[in-house]
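**Student:** If you read the sequences in order, they're chains V and S.
Going by the numbering used here, 200 is the number at position 200 of the first sequence; the sequence numbering is gapless.
Going by the numbering used here, 152 is the number at position 152 of the second sequence; the sequence numbering is gapless.
These are calculated hints, taken from the structure and not from any lab test.
Incorrect hints may appear among the rest.
To be verified - Computed footprint of chain V on chain S; a stretch qualifies when at least three of its residues, placed anywhere within it, have a C-beta under 8 angstroms from a C-beta of chain V:
| id | stretch |
| --- | --- |
| 1 | 122-128 |
| 2 | 176-183 |
| 3 | 259-267 |
| 4 | 277-283 |
| 5 | 286-294 |
| 6 | 330-343 |
As the list claims (entries may be wrong) - Result set (SDA-like, lysine to any residue): computed pairs, CA atoms no more than 20 angstroms apart in a straight line:
| id | chain 1 | residue 1 | chain 2 | residue 2 |
| --- | --- | --- | --- | --- |
| 7 | S | K93 | V | M256 |
| 8 | V | K313 | S | N145 |
| 9 | S | K110 | S | N145 |
Note that beta-carbon positions come from the ideal geometry of N, C-alpha and C, so glycine has one too.
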Amino acid sequence: MKVFWAFIKKEFFHILRDRRTLFILIGMPIVQILIFGYAVTNEFKGANIAVYDQAQDESSLDFIHQLQASGHFQLLQSPGEIEAAFQSAAIKMAVVIPANFGQHLYPGQSTQLQLLTDGTDPNTAVTLTQYAGLIIQQFQHQGRAERQAPPILVENKMVYNPALKSVYLFVPGVMALILMLVSAMMTSLTIAREKELGTMELLLVSPLPPFLIIAGKVIPYIILSLLNALLILGVGVYVFGVPLIGSFWLLIGVCMLFIVLALALGILISTKAETQQAAMLVSLMGLMMPTILLSGFLFPIESMPLLLQWISKIIPAKYFILLLKDIMLKGSGWYYIWTESLVLFGMAFFLLMASWKNFKIRLT
Amino acid sequence: MRTVLILVKKELLQIFRNKSMLPLLTVIPIVQLILLSYAASNEVTALNLAVLDEDQSTSSHRLTHKFTASDLFILKATPTSNEEAMALIEMDKVDLVIRIPSQFETGFLKREKTSIQLLANAINGAKGGLASGYASAVIQDFGKNLSLESLASPQQESMRQGGIEMTYSNWYNPSLDYKVFMVPGILGVLVIILTLILSAMNIVREREIGTIEQLNVSPIKKYQFILGKLLPFLLIGLGLLAVGLLAGKLIFNTPMVGNLGLVFLFCTVDLIVVLGLGLLISTFADTQQQAMFIAWFFMMIFILMSGLFTPIESMPEWAQWLTYPNPIAHFVSVMRLVLLKGSDLADVGQHFWTVGLLAIAFSSLAVVSYRKTA
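Let's have the full structure, built from the sequences with the hints guiding it.
**Tutor:** Here you go:
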């Protein structure tokens, strides 16, 4: 047992000695969560638009005033040519008011208002048309509301995330990403390095059984991973007000499950990869890319082509993120999360077995 | 000048002697371009819907039908109680619950204010917002038609035709195809990242292996050494751009309205910034592993704040300022402007100025901090 402790201590020294890597491992989650929390957002804050007013009458000026007053649009006076304004990215939408705009005030007459949007960014284009449509509707209703039946009121309730903050989604995502990075990538790199330098042989001929060698290698990374998880959770909860409705210990349990899974992946990669560069490439392409792209934290899985949806089913991070969201935001108990937990547990078990088997072969 | 050319030749020979380099520079970027373009979509194509109909009247059925008739909404369940509806949301079975209260129809006919409740699963905030926005629009439209039908007298009938009709068209991308938006941006990011990693790793590798000493003791000048190291990667970066543009045209039929020469010119200036950064990283890292982590750290920040996935205009002001020294942000917007809209030099002039200044700053910083004596 004493030898085992000495082994863990040695591994810790390895980690602590490389200050720059350690700094990045601790600093990256914080920077990422700050960026995600403050800067990466789809919220619509307003856009520059141009108005081409061919009518220039009281009614059209009134309408333009209302567009401005909504707070969603900053009006560019004298936009010049609309096309040129789009090309220099000065505006996102142009409103063309026809010369006969005032006609809509008279019964039985109608007029056509044209909206031109910059379709290169589809989501912004849709949002802009929606906002403009609402303002046009309001404008029409003015002055004749009393003659009509009141419109149906729509009460919106945003469940789980009333302020529509994107950070709610990103905290679980960053957790999955960082745990993957620290547990899987770092573990595979450190074992590959020992192999590359030839020191792995030394460890294997030592009196420690191989199981303890691997355990000693991964325990420091388990601690580092847990520390990172708590750090992300702390910043998320205390800086951004992400709720933690469910059980804290259930959350930690799920994190541990995912860490074990990621470590097993890291060991598996290191048994196959002979050099650090190979380990790095496999981890980046095989673990990080799928975790970023297909786990559903940046992009909704439902909008992907079927093939990618199928692939996403074997990405562990997908289930981990689902579990985190259920526990943190919905406060779900066992009843709602046992399927995902079981999938993760099965994956972890399978990967541990696979890496165990592969590691033994290396010994002979 | 001849010395530099010889160095460039030696460097290119060395790079391409590695058999895995050519596929790394052609196949992997194309695969990533395809994968990213399909996966990186914030488009909402389908919303799962549950209708909790407490009214069970003709009007409420017609409203439900209006939702099922649209392509966007898929009716998944018709719960009978609030608890059942909440459970559906909790288990992620539906994205949106519409609750039609009892007395909905009678209230409406009596000209009283009626209300419909929308419960959106907003864990994904953007999606929740879009879902309730679309649903509100459908309900408003339904209400308008219903009230027009109930207006009987001929004098009021005339109201029906009057008013403002709204037409809209989306320029440059009429069908609002998300891939048209993403492919040029992703292409830009791939070119920059691969060049950054390759250049940063290259010098560190020479240091790790020890061959950098031999270069340092050779009679070449510092600027010749740096030019000799960076020019090959500039060429490789431009080659990557050419391969990527070709792939984008052939696979995604990405529109290329503008002047391609302008794209390559901007890419050259932008790559100088990136190469300066790569050189800086390599002077601060001792091992390839360290270089890799440092490069990754910066890349994450650059990509997330580049406006590739989320518009820069949505960021808070301080974050928008931070995009000025970000070479990826400039390249992504120039690619989109020139390829999709056909913007000319004057339109993207500001990006050129900023990146030009960055190029001067980064390369002089890199040259100053590089020491020939290791």
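**Student:** Going straight from one Cα to the other, do K110 (chain S) and N145 (chain S) come out at no more than 20 angstroms?
**Tutor:** 16 angstroms, holds
**Student:** Verify this for me: three or more residues of the stretch 286-294 of chain S with a beta carbon less than 8 angstroms from a beta carbon of chain V.
**Tutor:** holds (count 6)
**Student:** Mind checking the alpha carbons of K313 (chain V) and N145 (chain S) for me, to see if they're no more than 20 angstroms apart?
**Tutor:** Violated. K313 (chain V) to N145 (chain S) sits at ~44 angstroms, over the 20 angstroms cutoff.
**Student:** Would you check the hint for K93 (chain S) and M256 (chain V), treating anything up to 20 angstroms between C-alpha atoms as holding?
**Tutor:** 27 angstroms, violated
**Student:** Counting residues of the stretch 176-183 of chain S that have a beta-carbon nearer than 8 angstroms to any beta-carbon of chain V, does the count reach 3?
**Tutor:** This one holds; 5 residues, not fewer than the three required, reach chain V with a Cβ under 8 angstroms.
**Student:** Count the residues of the stretch 330-343 of chain S whose Cβ falls closer than 8 angstroms to any Cβ of chain V, and tell me whether that reaches three.
**Tutor:** With 7 residues close enough to chain V, the hint holds.
**Student:** According to a criterion of three or more residues whose C-beta lies within less than 8 angstroms of a C-beta of chain V, is the stretch 277-283 of chain S covered?
**Tutor:** violated (count 0)
**Student:** Do at least three Cβ atoms from the stretch 259-267 of chain S come closer than 8 angstroms to Cβ atoms of chain V?
**Tutor:** violated (count 0)
**Student:** Would you say the stretch 122-128 of chain S counts as covered by chain V, given the rule of at least 3 residues with C-beta under 8 angstroms?
**Tutor:** Check passed, 7 qualifying residues.
The structure shown violates the earlier hints numbered 3, 4, 7 and 8.
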